[in-house]
Amino acid sequence: MSADGASGRDGDRPTEPREPRGGRLMIRGLGVPSLFAAAYSAVGFSIYFALGVVADKGLGLTPLIFLAAGLLFGLTTLTYVEGGAMFRERGGSSTFARHAFNELVAFIAGWAILIDYLIVIALASLSVPHYLEPISGDFARPGWEIGLGTAVIVVISALNVLNITGRERQGSLTLLALADLGLQLAVIGVGALVVMHPDRLTAELDLFTDPSFRDIVYAAVVAMLAYAGIEAASDLAPEIEVSRKDLKRVASLGAIGVPLVYAGMAAIALMAVPVVGGPDGPQTALGNEFVEEPVLGIVSAFEPAWVADTMRWLVALIATPVLIWAASTSMLGVSRHIYTLAINRQIPSWLGKLDRRTATPYVAIVLSGLIAIGLIVPTNVKLLAGIYAFGATLAITIAHLSIIRLRITQPDRRRPFKIPGSFPWGHAELPLPSILAAILSGLAFLSVLAYHSTARWVGLGWMAFGLTFYVVYRKVFEGTTLTKRVSVTERALTKQVPEVEYSNILVPVFGTRFDDDIVATAGRLAAAEADTPKGSSSSHLDVIYVIEVPLTLPLDAKLPKEREEQARRALARAREVGEEYEDVEVTTEVLRARKVGAGILEAARRTNAEAIVIGGEPPTKIRGGGVLGGIGAAKPEEIGAATEYVLKKAPCKVLLTAPPEPE
Amino acid sequence: MSGERIYRGAVRTFSLAFVAIGLLVLVLTLVNGGGPASVGFLMGIAFLVVGVGRLWLSARMER
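From first to last, the protein sequence lines are chains A and B.
Just so you know, the first sequence maps onto residues 1 to 663 in my numbering.
Just so you know, the second sequence maps onto residues 1001 to 1063 in my numbering.
Treat the hints as calculated values from the structure; they're not laboratory data.
Here a beta-carbon is modelled for each residue, glycine too, at the ideal position from N, C-alpha and C.
A couple of the hints might just be wrong.
Rough simulated footprint, nothing fancy, chain A against chain B, three-plus residues with beta-carbon under 8 Å [to be verified]:
no., segment
1, 1012 to 1018
2, 1023 to 1037
3, 1044 to 1050
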């Protein structure tokens, strides 16, 4: 999809999933370890701030409440995996609703989840200073708390704008995810040894009185905060490179393992920091003194003191980077989410505007950072958790309903992962787990409306603001209906490239800063072709990186790792940019040749390319350009000789593109 | 060490950790007088099942 262009064509075009290759779901980049790391980073951090809020209401029932919420999490995971594998687009519940219902429902889901992303950023950032308490108790004081939380948000915003998200360092992130899981298991294991007093769990328990039915329901709904990030995890759908079997394995283990670990931690928590009688009834310090840093509160209660001290440092050392990473992952999620809303013309396109150099939606990131900073200022974790529950239950309910409806409206659609436990209904098979989950999450949403007045009014206010904005924008500025999809920038594209139609384009990249412009140009041309009536299904971009091998070496000689790594990075980046364009399929390949130009031509012949899009020299402000040396100073080495060779000998059309003049 | 090897090693380690925690919780629950319907007993069994299940899956995948 194109990020630019201001208007487009109405129409709902179901996007067929691309065919699997080589028995894999997709060749995109995330294998099982990376998928685990990314998914655990999206889900496994929220216990660090959710435990206190849930224990505040759930009291001694907290472990069971986490298990009950885990059941809904498990069912929800199945729904998101079926939807994510089916559409392989970002957007989670909003994307499912777009395909199942219409743009309006998609917007409601997307807008609801938007505030959840922001709340997760705020909660994770706000928790960081509290988890640094072993280093200095001052960090948790009011001034420091907001200051450090703001600093975290500023840093992650800057990193996301600069596209330094650490996603390329999958090994380190996998280790951090494993350390996170290890810490949580250590809390359970050590806790079982030093604070095993099961009687404490039930000491102040009086079912439906302490906690009351209302508090149990509320705690169970807020416990979904512990599973925050399922939307962010579902955003990985387009990047997954795993077999169906691996996907099932990771999803099912996550759905069982995460709630079990959380319930285990909750049990240890309530034995370490038990519920005690208070003037206002039974309460636990987890919901008061330690509400911002419940895990630190648990280990602080361990005995003997050296165990507590060791565990406190361990928690500080692991929880802090995990929370910062989680905030960054959520910022990445919110930026992608806003971008998706923008390119579907659900919000003004300038909100999803991409930075020319880094191709990140910087407006979305800066705005999200500012709102997240605003959310941490009241330092009210319980309020944020309530609002989170509003958005999560609404979006998750829509996600389940969408998957159910898609089973009816598109029964024959290819589903790489199908939720087990379906029953026949006419021509369709309805997924029983999703139906059950839709009922549960729908009731959970109603309970938030009934039991949490602040979340009710803030949540409804947020939705009312968004819907008003949406109606005005669609009706007044876009001049279209509320329900139809407007995503293809046909008018803008045809104005620029009225007669150009290429469905198979070869794009050589060189790992330079001009690559984005080159791939974006090719993407627009390919997307324009895919949009024309005769443009059947998708257009194709073959992105290649040619490694020049000197004659002194055989072509298949072992080359320095750096060169292959550079090629891999350049192609990964090119794929990201190319796939921004709807209906454009991107394949990438590293080639070896004696000369870059010859390699490009060989690839063009082999792939029957209709056109080669290649980078030209960037323009210069120096009058006389190359004559006076202006071009030569800025151009990369590959551009020039290789371009000239391709221009002279290409078997097809060559489109020379150059980035705009630097400002 | 490759990411895949680290991951496989971690899977085994954590599966064993799940088993160990399950056994520990079971024993401590029984020592403290907890019965088969107690939270500790059920949680111990659950940890044990997940740990053993993951080890079994891991072994089957490598065969």
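Quick rundown of the hints versus the structure:
no.	hint	verdict
1	1012 to 1018	holds (count 3)
2	1023 to 1037	holds (count 6)
3	1044 to 1050	holds (count 3)
Hint check: no violations occur; every hint is consistent with the structure.
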